[in-house]
Amino acid sequence: MPFINFATKEINCKIVYYGPGLSGKTTNIKWIYDHIKPENKGEMITLATETERTLFFDFVPIEVSNVRGFKVRFHLYTTPGQIIYQASRKLILKGVDGIVFVADSQEERHDANLDTLDDMLENLKDYEINIEEIPLVFQYNKRDLPNVLSVEKLRADLNRWGRPDFEAIATKGVGVLETFKEITRQVLKKIKS
Amino acid sequence: MLSLRPEENERLKELLTNLNNESKAKIVLLIDKSGQLISRSDSPAFSSDDVTFASLTAGNVAASEALSKLLGDKNLSHMFTETEEEGIYMILIADKYILVSIFDKKVSNLGIVRVKIKKYYSELERILREIEKRAEEESSIPTEIDVEDIDLDTLFE
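Residue numbers (full-length UniProt numbering), protein chains in the order written: chain C, 1 to 193; chain S, 1 to 157.
Calculated from the structure, these hints are not laboratory results.
Heads up, some of the hints might be wrong.
[Claimed, not checked] No more than 30 Å apart at the CA atoms, straight line, and that leaves these computed lysine-lysine pairs for BS3-like:
hint, chain 1, residue 1, chain 2, residue 2
1, C, K190, S, K33
2, S, K33, C, K37
3, C, K37, C, K153
4, S, K96, C, K71
5, S, K33, C, K94
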């Protein structure tokens, strides 16, 4: 649910990067954080284990000013991907305005993609969020690795709603910006509608 | 969609500032459970990043609520975190918002903070309900906001 403050002229939106463990959610928002101008970003928070797996969430606030005098602030979150953190994933979806589903393109990780998508749908249902109505983008990550599934296969199995989707190599920044721009465009359009 | 009009923002800020001053806190923040900062007292004494603080606070409350449920679905109503020099007291309002008071332990204490929050709690709850009701009745975003002319390319180096 976006929050608009007419006194301070601020619009706040929450975007969540969702996907199976090690699919590259944190890599996506780290890349964004590293390439954004310092004046447009707040502090990045990473709550990770010793092995750098996300334990609870990662958080990056990004601000864009001078939109007819309004400042838009995107709060980017990632969820922990590992199966055991189901409860955390649900908590982080609270009040979400847009979702990026980061899929792992490797064949051996496809079951994890499907399980995580089911988990996301279940959590959204619990919050009474209609998947047909929420801004949603798919990203097929790790396209540079061997043994990846075709985009057609990933699209058919995951992107059942015909939403915009992108191929990516998040470690090199390929497709990261395109994904981010598309989800923010959808979120802003939804606010306006 | 929750929105805050200038006059509502003023009322909230005034209430939070009064609460802050009376309880001798460093700052009082009002956050929603999804991690957005709704309002804060007019307090120069606090230098941390409000937005980041709001996000972590919501995460902290969410985790504690989940813990509470694991212990038998007991409702969480308030939390207290203590550092060497500061106390952070959080209380839930209308099950949707989190009121946070950060105070220097040499200047104030948990008892004073709780008594003062009790004094303002009902009024704060009432203001928030009025804001929600007004926001619900407004079906679409006002024309003064044109978010679609945003240029994301200017964000990046």
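Results of checking the hints against the structure:
Only pairs whose Cα atoms come within 30 Å are accepted, and K190 (chain C) paired with K33 (chain S) is accepted, the gap being roughly 21 Å. A threshold of 30 Å between alpha carbons decides the hint, and for K33 (chain S) with K37 (chain C) the separation of about 29 Å falls inside it, so the pair holds. A hinted pair counts as satisfied when its Cα atoms are at most 30 Å apart, and K37 (chain C) with K153 (chain C) does not qualify at roughly 37 Å. For the hint pairing K96 (chain S) with K71 (chain C), the CA-to-CA distance comes to about 24 Å; that is within 30 Å, so the pair holds.
Restraint check: the Cα-Cα separation between K33 (chain S) and K94 (chain C) comes to about 8 Å, which is no more than 30 Å; the hinted pair holds.
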